[in-house]
Amino acid sequence: MKSSFILLAVSILFIYPVNAQNQLEDAISQLSVDNATGYMQPFLNGFAGNMNSGFAGSAKIENRFTIRFEAIGMATLIGSDAEQFDAVPPAPFSQQPVRTATVFGDQGTVVQGPEGLTYKLQDGQLNMNYLPLAAPQLTIGNFFNTQLIFRFFSYSGDSDVPDIDLFGVGVRHGVSQYFSDLPVDIAAGMFFQSFKIGDIIDSNFFSINGMASRDFSLLTLYGGIQYEYSTMNLNYTLSGATSDEDAEIDFSFRSDNHLRAIAGLNLKLGLLHLRTDFNLGNVSVFSASIGFGI
Amino acid sequence: MKSQRKTLSGLLLIALIAISCDDIVRSNLVMIDTVSLFTYSIDTADNNYSETERVNLQSVIDDIDSSVEDVSFFNITMRVSNIYDSSPETSFSGQLSVSQAGSNQSQAIVTFNNIKFEDFFTERSIFSDDIEGVSVVSDGISTLADFYNRRPVPLVDFTVEGTVNRAGGEERVVFDLEVRVYVQVATDP
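Residue numbers (our numbering), protein chains in the order written: chain A, 1 to 294; chain B, 1001 to 1189.
Treat each hint with caution, since some may be false.
Only some residues are given here: those of chain B computed to face chain A with a beta carbon under 8 Å [what the hints assert, rightly or not]:
hint	residue
1	R1026
2	I1032
3	S1072
4	N1075
5	R1079
To give an idea of the chain B side of the interface with chain A (calculated C-beta under 8 Å), a few residues [what the hints assert, rightly or not]:
hint	residue
6	V1035
7	E1123
8	S1125
9	F1127
10	V1134
11	V1136
12	Y1182
13	P1189
Note that these hints are calculated values from the structure, not bench results. Note that beta-carbon positions come from the ideal geometry of N, C-alpha and C, so glycine has one too.
Just chain B, with the same shape it has in the complex (with noise of 0.2 Å):
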């Protein structure tokens, strides 16, 4: 009798908190913030660079288990993470592009105009307006853009290129660039 109360008393309570909580959770999404990250190792005995990494951006996709809504990204960024016996006062220029890979059409994203080593020591945003010499490409932006909006999203040649300015007396200008491409991705789980 007893444990015929205590069950009938717990159904109860389960079902007064059943009934008023239904539908607790949302629908909404998850949005989930991913990093693409590819180093460029340039070395360069003249004055001239050019780098390319291809990147699977599908690959954002695929590592997410959960259904995605939607894809895009909201930031990129650029650091010098090892400059070797390079001078931190030499100075490189040029444009980050980015391409569908194989074609031979590419669009610049931002170009850079005498940065020093030193000055992307930090990580910086190519977006940000804490450093001279750093203009967006509104149209290579667009490009990307609709890359992500691609299903299944392509692979992309990002390609760095340009010239260094040096500020020692290195033989050889050596150093690893860092490119970072922030995505959002909405999830719905």
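Bound-form chain A, shown alone (with noise of 0.2 Å):
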């Protein structure tokens, strides 16, 4: 369980590491409204691809005892058009859009202005093919074909590292009990996370999927449809705001992702489960396991 809150640990500090904690929050606190969406709407895009990933491997649920501890790792591929959106600078430069770096662009966009002035659009901060994540999670059951899930990690202390709080809770029911003769076996969940990293970043997930799997001996092959909805809410001082306008910024954006295909392998071995699978949709997400348990 330690490892797992390591690699938890670890991959948010890939992601917002030491330094880059003021760096990104930095970055951040200088832009409006719209500016902030689209220079984030990547970061939430690929977030939330893995946060809604690796919920579990299988669409048999039994009536039988279950206890699992996993370690779930995640990576969302970060494609070149997420590197660069439409940014309107302040006044007095023109209000027409200009391309920039989102946070995993690189330089942002200098515009030109009146009597020679300039402005710098933000730059990028991080440097990505893919998004990773760790989460370690807990999966309980089964009661009445049904099995809970959990995730959970809290951190806050050293004042050099981001404070961290995640909280997950899922539920899933296998439904093939429903059914006779079926040639697969079918299950349905639902599951809800709750992300806080550092002073002004929140984000919630939630998804409700649908699966179904197979299993040949050792292996498992297991697929399935995804519904999500995720949000962050960034909440932020503005610096060099106007009179005009009210610099406590506090607002939420959505994630573009809303449909995704799953496609993956299980591997059971005694009390060693290993599984890995594809994502497909507005992001595609590879996610990876080992989790130990019954």
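Relying on the hints, combine the two individually framed chains into one complex.
Rendered as structure tokens:
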């Protein structure tokens, strides 16, 4: 269990490193609501892609005691289209949108204004081909062909490392019991997760999915479809606000991810469970996990 | 044995993530916007006014924890924040000028002619074309830009001076004029 907590902490530190804690937060705190949304939208898409992955590797939920602890690693591919968005510079510059870097992009665009004045839109801060994440997960069941899934992690202490609060809960129900002679097992599930990092980012993730699987000796093939709804709340004091603006920014925006298809493999070796899957939707996500339990 | 397996698996995953995530934080700058705000409280019994505010432009840099690579201003705005008992129809003319503290050589940044108080109840950029009678002085803009390029950035006197044209029957014309200088600081975190 400890190693899984380390995994989560390490992955958070990679995407939200020491020093970059303030770097990312400082970068966001310069942005108006619209610009912050565009700047962070690919991050939310990737983050939500990860968070809504890796819940389970089988649709077989029989009425027998199950307890399993897993460490889940996820990675969302970051395409080149996630590196730019259209931003509007502040006055007195033209209010026409300008193509510039998202958080995953490189240099911000320099706009020209009156009297030779210039303004540089925010630089990108993260250089990634994919966004990684890891999380610990506990599965407990099965009662009435139903199991509960928990994700939990909390860290608060070292001032150089952002505080992290993750809580997730899900429920899965085996529906094969309602049908006879099905060639596959079928399950449905829903999950809610909350993930707060640092001082200004707070995210919520909801997903509902249907899964089918079939066992082949030690190996299970599984697949499914999932609907998901994710939001990110940003809460900060806008640096450089005008007297007409409310400097206290507090807003939420939605992930572009809504539907995904899932396909994966699950290998069960006694108490050891290994699985990996690919998720195809608005973003592409790989997940892999190692678990121990029954 | 179980705990060894878990630790080994964890370390392998961490190593995989670490190897593949080298240099994931860009060495780019973080652009930080700040505002220098100073307010002139003008109270004149005749038609003339002149007020000076000494501003420590270096404080923009000193307030930032990170290493500062570049400082430049990108906007100057004015707003009449309070007119007390003066008429909103009262207008003012004059200029905002800048000089290094202690120097008697000032350079106008902007001139304004017959601007009604009510037209400046909302913050307005001196670069905006919305209001007639406001003219930016290029040499003054260059002078201020040059101040921001110096290290340390010097103390600067901003002076607003000119005349008022009463619209009401008030004995004194009293108003507060806010000036904001918007600055962008490139920092290396």
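Under 8 Å, Cβ to Cβ, is where S1125 of chain B needs to be relative to chain A, so tell me if that hint holds or is violated. Nearest chain A Cβ about 4 Å off; hint holds.
May I ask you to test the interface hint for R1026 of chain B with respect to chain A, counting a Cβ-Cβ separation under 8 Å as satisfied? Nearest chain A Cβ about 5 Å off; hint holds.
Can F1127 of chain B be said to touch chain A, with a Cβ gap under 8 Å? holds, 4 Å
Interface hint status, V1134 of chain B versus chain A (Cβ within 8 Å): Where the cut-off is 8 Å and the nearest Cβ of chain A is about 12 Å from V1134 of chain B, the hint is violated.
Using 8 Å as the Cβ threshold, decide whether I1032 of chain B counts as touching chain A. holds, 6 Å
Closest C-beta approach of N1075 of chain B to chain A relative to 8 Å, hint status: This interface hint holds because 5 Å falls under the 8 Å limit.
So, R1079 of chain B near chain A? Judge it on the closest CB pair being under 8 Å. holds, 6 Å
If you take the shortest Cβ to Cβ gap from V1035 of chain B to chain A, is it below 8 Å? Since chain A brings a Cβ to about 6 Å from V1035 of chain B, closer than 8 Å, the hint holds.
May I ask you to test the interface hint for E1123 of chain B with respect to chain A, counting a Cβ-Cβ separation under 8 Å as satisfied? Status holds, d = 5 Å.
Hint check: 8 Å Cβ-Cβ cutoff, S1072 of chain B to chain A: holds, 7 Å
Does Y1182 of chain B hold up as a contact with chain A if the rule is Cβ-Cβ below 8 Å? holds, 6 Å
Against chain A, is V1136 of chain B within 8 Å by beta-carbon distance? holds, 6 Å
Going through the hint list in order, the structure does not satisfy hint 10, though it satisfies all others.
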